[in-house]
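Spelled out from the first residue to the last, the chains are:
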Amino acid sequence: MVFALQIILNGVATGAVYALVAVGYSLTFTGMRVLNFGLGMWVMLGGMLTYTLYVLWGLNIALAAPIVIVALTGLGVICERFTVRPFLKAGSEAWVMATLAVGLLFIDFAELIWGRDPLRVPGYLGQAVVRFGAFALYPQQILIVACTIAVFFGLDFFYYRTLFGRAFRAVAYDPEVAELMGIDARRFAALSYGAACGLGGFAGLMVAPITLVDPQMGTTLGLKAFVVPILAGLAAPRGILVCGLAYGVVEGLVSGYLFSGVRDMLACALMILILYFRPEGLFGAPSVERI
Amino acid sequence: MAAAAAAMSAVPAAAGDTVKIGFAGPMTGPVSAFGHEIERGMDVAVEAINAKGGVRGRKLEVVIRDDEFDPVKTVTAYRDLIERQDVVALVGSANSASMLAVTPLLNDNYKVPAICVHTDATAIIHNQAEASGRDNYLFRLGMFGSGQADFLVDSMVKKFGLTKIGLLTWSAGYGQIGRKELTRRLAELGLKPVADETFETGDTDMTAQLLKMKEAGAQVIMHYGTIKEAVAIFETRQKLGDPMIPFVSSWGIAVPALWKAAGDLAEGTIDSNVVTTDGPQPPERQAIIDAYHKKYNREFDDPASFFDAYDAVMLFSIAMDKAGFEPAAIRAALEQIPSYRGAGLVVDHPVFTKDRHEGYSLDDMLLGRWTNGKFLRVGYDAEGPFVMPSEGVKKHIDPTTFGPK
Chain A
2 MVFALQIILN GVATGAVYAL VAVGYSLTFT GMRVLNFGLG MWVMLGGMLT YTLYVLWGLN
62 IALAAPIVIV ALTGLGVICE RFTVRPFLKA GSEAWVMATL AVGLLFIDFA ELIWGRDPLR
122 VPGYLGQAVV RFGAFALYPQ QILIVACTIA VFFGLDFFYY RTLFGRAFRA VAYDPEVAEL
182 MGIDARRFAA LSYGAACGLG GFAGLMVAPI TLVDPQMGTT LGLKAFVVPI LAGLAAPRGI
242 LVCGLAYGVV EGLVSGYLFS GVRDMLACAL MILILYFRPE GLFGAPSVER I
Chain B
611 MAAAAAAMSA VPAAAGDTVK IGFAGPMTGP VSAFGHEIER GMDVAVEAIN AKGGVRGRKL
671 EVVIRDDEFD PVKTVTAYRD LIERQDVVAL VGSANSASML AVTPLLNDNY KVPAICVHTD
731 ATAIIHNQAE ASGRDNYLFR LGMFGSGQAD FLVDSMVKKF GLTKIGLLTW SAGYGQIGRK
791 ELTRRLAELG LKPVADETFE TGDTDMTAQL LKMKEAGAQV IMHYGTIKEA VAIFETRQKL
851 GDPMIPFVSS WGIAVPALWK AAGDLAEGTI DSNVVTTDGP QPPERQAIID AYHKKYNREF
911 DDPASFFDAY DAVMLFSIAM DKAGFEPAAI RAALEQIPSY RGAGLVVDHP VFTKDRHEGY
971 SLDDMLLGRW TNGKFLRVGY DAEGPFVMPS EGVKKHIDPT TFGPK
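So the protein sequences, as listed, match chains A and B. Just remember that the working numbering sits 1 ahead of the position in the first sequence, which is counted from 1. Just remember that the working numbering sits 610 ahead of the position in the second sequence, which is counted from 1.
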């Protein structure tokens, strides 16, 4: 029992990371029907930037965090303008390649600036292990779970309780009608892309003390986190939180009770099975088209 | 065509020309640190040889090609090095797959000797030519897969007295080859791993694997993998608290970057290697370490790659001094060097023989224990294993915890 609970507890912490990254995919999909396939590399850039600000320059994390978020949001808006919008305008699908290319560019860029060795970022709440009875977590793991939940609550509030958020959902539902209602859909697209990049950077900042940072840190993480919104439904933020946490827990349990070697295989098989029966994702609303 | 080119390259150039030794390795890309470290080892050796007048009155020259860690590009680079640049000997690339790709070329087409460093796949040296009794042009200085597994298992079982061994290996090729070799050696000693766990690239939490190790009563974790996941293991190990299971790894992570990434978490962990630059050193090696720091003004990325490349060039020069500059003659002469006191390798028996192209034997491998950021060689006396932080100071370690006694 202790064995299982210990694994579940740590699985939740791992899953929170997946969920936090996964929001980024959902945001751009909701706002503009686009996926940033290079999102993992934005997470990496956030982690690297955190290393410079927090470790090298010794800035307080309360100061470093807003800098990372604002910098990457700004960079995201610029990237949307030059690497996504032109293709959307032309009705081309080349943005798929362009978002990935930007990510690959970041890897080379990071290798030039920070080198290739993994770098260490100390936990923001210290390194002392928190123990409750037989269970143990790093303070950073608790912080990640808390921040992830806060981000999701914030997002929920934004979508359902603010005018801006409602407009956002209107754009997502039908950009043309929304434009007729006086909403500037293009600006919403740029903002959602920027916000996704900023959140990616924040995710990088949060996971840095747990994963170490290096130019390749975003590749696997970005890919794994991509499974979560696909499972949950890309436009279902609450579902993404649940699926993200569950994914982390299942990973741990498979490693614990079966064999760690079959873990990713089982996860992928499960995903295909779920999508076979629910193509819109576990929490996604089936799209109804009137003809 | 290739044979004709090889024949042409075999024609000795006029006296006075430089003699070229080639290296094709990753000079750009994620693992370029190893390529540059090998290049530095070759450069320092060539400088030392040329300062003494070269070999038979001719200066040596290093010719470098970038293979980007890509076996296809290694093959192209070897073509260029041998057919156009007329290199008479090669230091092997930093990628086992690259060396496996060029092994038949070297043995069957070009007949130019290569001393491998850094790469540890067993099959590079135990190749088709060796199996069929033809001249084998491949040699190695450094760890080799099966030997390293034998060394790790034997050290833990026979020297440390640990028999409950848990395997924790990377699911990628390198880790799984290691896992197979470790399991084989354990079976030869009548043992079975008490736990056999793997992890994936990018895994950050090892709770499940380590809990299983604890439940199985593992006395030591034996690891084959890369630095990043090793640090995740250290973190989880610390989190799960005392008693922490001792950790021993193959040389894949035994580089200064490990301490840079893990810091104190690596304290007391042990890795295998063929050389260490920390702690008291024999004067010959200390002189080369000092020369390295002076010339490059930097710390080592991978001491083993540097010293093995240095020794490879030195051994080539000894062979050329004896047999001249014809590649086949160099190959034959490499098997005739009676003893060698080098930067990394020190042996008072022949370095290579006709039947043994591995320069290092199990006796020449070492365990190093991370102690305050230093990778200190583990020695043994009547009281058990110890490390020596400075000359004459012995710090014994508890074989059941790897901590101080």
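Don't read these hints as lab results, they were simulated from the structure. A few of these clues could be false.
FRET-style restraints, in silico, Cβ to Cβ [to be verified]:
#1 B/Gly743 / A/Leu254: 46 to 56 angstroms
#2 A/Gly134 / B/Lys1015: 38 to 48 angstroms
#3 B/Ala741 / A/Pro87: 30 to 40 angstroms
#4 B/Lys1015 / A/Val130: 44 to 54 angstroms
#5 A/Thr163 / B/Lys984: 33 to 43 angstroms
Computed footprint of chain B on chain A; a stretch qualifies when at least three of its residues, placed anywhere within it, have a C-beta under 8 angstroms from a C-beta of chain B [to be verified]:
#6 11-18
#7 61-75
#8 89-102
#9 121-135
#10 185-191
#11 266-280
Backbone N, C-alpha and C fix where the C-beta goes; we use that ideal spot for every residue, glycine too.
Subject >> Structure versus earlier hints - violations, ascending order >> reply: 2, 3, 4, 5, 7, 8, 10, 11
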